[in-house]
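Participant: Each chain, written out:
Protein chains: 2
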Amino acid sequence: MADAVKSTNITWHEAPITKEDRERMNGHKAVVLWFTGLSACGKSTLAHAVEKALYDRGCRTAVLDGDNIRHGLNKNLGFSPQDREENIRRIGEVANLFVQAGVIAMTAFISPYRADRDKARSLAGDAFLEVYVKCDLDICEQRDPKGLYKKARAGLVPEFTGISAPYEEPLNPELVVDTGKETVEESAQKVIELLKQRGVIV
Amino acid sequence: MADAVKSTNITWHEAPITKEDRERMNGHKAVVLWFTGLSACGKSTLAHAVEKALYDRGCRTAVLDGDNIRHGLNKNLGFSPQDREENIRRIGEVANLFVQAGVIAMTAFISPYRADRDKARSLAGDAFLEVYVKCDLDICEQRDPKGLYKKARAGLVPEFTGISAPYEEPLNPELVVDTGKETVEESAQKVIELLKQRGVIV
Numbered sequence: 001m002a003d004a005v006k007s008t009n010i011t012w013h014e015a016p017i018t019k020e021d022r023e024r025m026n027g028h029k030a031v032v033l034w035f036t037g038l039s040a041c042g043k044s045t046l047a048h049a050v051e052k053a054l055y056d057r058g059c060r061t062a063v064l065d066g067d068n069i070r071h072g073l074n075k076n077l078g079f080s081p082q083d084r085e086e087n088i089r090r091i092g093e094v095a096n097l098f099v100q101a102g103v104i105a106m107t108a109f110i111s112p113y114r115a116d117r118d119k120a121r122s123l124a125g126d127a128f129l130e131v132y133v134k135c136d137l138d139i140c141e142q143r144d145p146k147g148l149y150k151k152a153r154a155g156l157v158p159e160f161t162g163i164s165a166p167y168e169e170p171l172n173p174e175l176v177v178d179t180g181k182e183t184v185e186e187s188a189q190k191v192i193e194l195l196k197q198r199g200v201i202v
Numbered sequence: 001m002a003d004a005v006k007s008t009n010i011t012w013h014e015a016p017i018t019k020e021d022r023e024r025m026n027g028h029k030a031v032v033l034w035f036t037g038l039s040a041c042g043k044s045t046l047a048h049a050v051e052k053a054l055y056d057r058g059c060r061t062a063v064l065d066g067d068n069i070r071h072g073l074n075k076n077l078g079f080s081p082q083d084r085e086e087n088i089r090r091i092g093e094v095a096n097l098f099v100q101a102g103v104i105a106m107t108a109f110i111s112p113y114r115a116d117r118d119k120a121r122s123l124a125g126d127a128f129l130e131v132y133v134k135c136d137l138d139i140c141e142q143r144d145p146k147g148l149y150k151k152a153r154a155g156l157v158p159e160f161t162g163i164s165a166p167y168e169e170p171l172n173p174e175l176v177v178d179t180g181k182e183t184v185e186e187s188a189q190k191v192i193e194l195l196k197q198r199g200v201i202v
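Just so you know, the protein sequences line up as chains X and Y, in that order. Heads up, the first sequence is in this note's numbering, so the first residue is 1 and it goes up one at a time. Heads up, the second sequence is in this note's numbering, so the first residue is 1 and it goes up one at a time.
Isolated chain X (complex conformation) (with noise of 0.2 Å):
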């Protein structure tokens, strides 16, 4: 803004409302949770369960999905690693502008790859919690809610996480839940129990 007051015509404001004057009006925190975790493992059902509670306390939230993402913003990106990179890429950015806005953001992608959460991470900073939806592959693949687990063992879905594709375990997770073993109801109480430890909601 240094080179602002050249310009005669344009009043020039006070700074913008900022992140700290949204979670003043929000009475919460604005983080990242970053739910990652195997395809059928629970992270949008997840996620979901999260955003009911929070709603529920008067929290602002948004979950980002493929169901809101892949078909829209990220449209344009299949699943190679290049493009699987710049989804996650975009998905952070995105996340971060919703931390910006004084917004709980919860993202919930298979996110394979160590160094593409990272990046996220860096984005958000303190603000990034990384949730490890651990779930064992033989569970995932006896779920297969949308068949993908059959096809991939087919041949007929190329690059599949977990089958074809790899997926990097987080090595120093905020939260590891377990969707073999708990209910959803369970791992939603534990990430709320992050939230709280983390000061983010009270």
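Worth double-checking, as some hints may not be accurate.
[Unchecked claim] Below, computed lysine-lysine pairings styled on BS3-like, alpha-carbon distance capped at 27 Å:
| no. | chain 1 | residue 1 | chain 2 | residue 2 |
| --- | --- | --- | --- | --- |
| 1 | X | Lys75 | Y | Lys75 |
| 2 | Y | Lys75 | Y | Lys29 |
| 3 | Y | Lys190 | X | Lys19 |
| 4 | X | Lys75 | X | Lys190 |
| 5 | Y | Lys52 | Y | Lys19 |
| 6 | Y | Lys19 | X | Lys29 |
| 7 | Y | Lys196 | Y | Lys119 |
| 8 | Y | Lys196 | Y | Lys29 |
| 9 | X | Lys29 | X | Lys19 |
| 10 | X | Lys181 | X | Lys52 |
| 11 | X | Lys75 | Y | Lys19 |
| 12 | Y | Lys52 | Y | Lys190 |
| 13 | Y | Lys29 | Y | Lys119 |
| 14 | X | Lys190 | Y | Lys19 |
| 15 | X | Lys190 | X | Lys19 |
| 16 | X | Lys196 | X | Lys146 |
| 17 | X | Lys119 | Y | Lys75 |
| 18 | X | Lys75 | Y | Lys119 |
| 19 | X | Lys29 | Y | Lys29 |
| 20 | Y | Lys19 | X | Lys196 |
| 21 | X | Lys19 | Y | Lys19 |
| 22 | X | Lys75 | X | Lys196 |
| 23 | X | Lys52 | Y | Lys19 |
| 24 | X | Lys19 | Y | Lys196 |
| 25 | X | Lys151 | X | Lys119 |
| 26 | Y | Lys119 | Y | Lys19 |
| 27 | X | Lys181 | X | Lys29 |
| 28 | Y | Lys181 | Y | Lys196 |
| 29 | Y | Lys75 | Y | Lys196 |
| 30 | X | Lys19 | Y | Lys52 |
| 31 | X | Lys19 | Y | Lys29 |
| 32 | Y | Lys75 | X | Lys19 |
| 33 | Y | Lys52 | Y | Lys181 |
| 34 | X | Lys29 | Y | Lys52 |
| 35 | Y | Lys151 | X | Lys52 |
[To be verified] Partial list, derived from the structure: chain X residues whose beta carbon lies under 10 Å from chain Y:
| no. | residue |
| --- | --- |
| 36 | Asp21 |
| 37 | Arg22 |
| 38 | Ala47 |
| 39 | His48 |
| 40 | Glu51 |
No lab work stands behind these hints, which were simulated from the structure alone. For clarity, every value in this text was computed on a predicted model and none was experimentally measured. Glycine included, every Cβ here is placed at the ideal spot set by N, Cα and C.
Chain X is fixed; fit chain Y onto it per the hints.
Facilitator: Only chain Y this time, still in chain X's reference frame:
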């Protein structure tokens, strides 16, 4: 979700929190205010002035502009017609994500092509309010806060809107403000009045 009932390991929940739920919580509707106009016409300044007025009323808002988009989400895009199209496509998608989250999203980009703006409109439907931030080219060029017009006239900035690239005026915007004749406060007040007329705020 129809095929989800096959799973025996996941508890499937009620529908996620809707846009209408969030609007109810926020006490206002969620819309896109799409500010379009020449470089230095005052789009970002106006958007931030409107945001301040809305914040003071307790509204949830987000401003998307060059500061947070061109250096982040869209840093891999240039200024060719193709890249401008993809730039605006992504912004339209992100604005719509904010609307789904119950937020009044304000976008402040030149967005010179009518077809690209109309695509953004088609995403948001009735929730899209186009604000043409009109300002005579010679006034914009006189302001020139970043020295870009000078560089463009010298041929140092290719494809500069208004000089060496086209700007297609909106044919039927929801609002026109003229920042060459009005103060920022006057233009912002017109936007607030538009939001009242449309039932976005009370």
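Participant: Hint by hint, say whether it matches the structure.
Facilitator: Outcome of the hint check:
no. : hint                : verdict
1   : X:Lys75 x Y:Lys75   : holds, 18 Å
2   : Y:Lys75 x Y:Lys29   : violated, 31 Å
3   : Y:Lys190 x X:Lys19  : holds, 26 Å
4   : X:Lys75 x X:Lys190  : violated, 33 Å
5   : Y:Lys52 x Y:Lys19   : holds, 23 Å
6   : Y:Lys19 x X:Lys29   : holds, 21 Å
7   : Y:Lys196 x Y:Lys119 : holds, 25 Å
8   : Y:Lys196 x Y:Lys29  : holds, 10 Å
9   : X:Lys29 x X:Lys19   : holds, 9 Å
10  : X:Lys181 x X:Lys52  : holds, 22 Å
11  : X:Lys75 x Y:Lys19   : holds, 22 Å
12  : Y:Lys52 x Y:Lys190  : holds, 14 Å
13  : Y:Lys29 x Y:Lys119  : holds, 21 Å
14  : X:Lys190 x Y:Lys19  : holds, 26 Å
15  : X:Lys190 x X:Lys19  : holds, 26 Å
16  : X:Lys196 x X:Lys146 : violated, 34 Å
17  : X:Lys119 x Y:Lys75  : holds, 15 Å
18  : X:Lys75 x Y:Lys119  : holds, 15 Å
19  : X:Lys29 x Y:Lys29   : holds, 23 Å
20  : Y:Lys19 x X:Lys196  : holds, 26 Å
21  : X:Lys19 x Y:Lys19   : holds, 22 Å
22  : X:Lys75 x X:Lys196  : violated, 35 Å
23  : X:Lys52 x Y:Lys19   : holds, 13 Å
24  : X:Lys19 x Y:Lys196  : holds, 26 Å
25  : X:Lys151 x X:Lys119 : violated, 31 Å
26  : Y:Lys119 x Y:Lys19  : holds, 21 Å
27  : X:Lys181 x X:Lys29  : violated, 30 Å
28  : Y:Lys181 x Y:Lys196 : holds, 23 Å
29  : Y:Lys75 x Y:Lys196  : violated, 35 Å
30  : X:Lys19 x Y:Lys52   : holds, 13 Å
31  : X:Lys19 x Y:Lys29   : holds, 21 Å
32  : Y:Lys75 x X:Lys19   : holds, 22 Å
33  : Y:Lys52 x Y:Lys181  : holds, 22 Å
34  : X:Lys29 x Y:Lys52   : holds, 20 Å
35  : Y:Lys151 x X:Lys52  : violated, 52 Å
36  : Asp21               : holds, 7 Å
37  : Arg22               : holds, 8 Å
38  : Ala47               : holds, 9 Å
39  : His48               : holds, 5 Å
40  : Glu51               : holds, 6 Å
Going down the numbered hints, you'll see the structure goes against 2, 4, 16, 22, 25, 27, 29 and 35, while the others check out.
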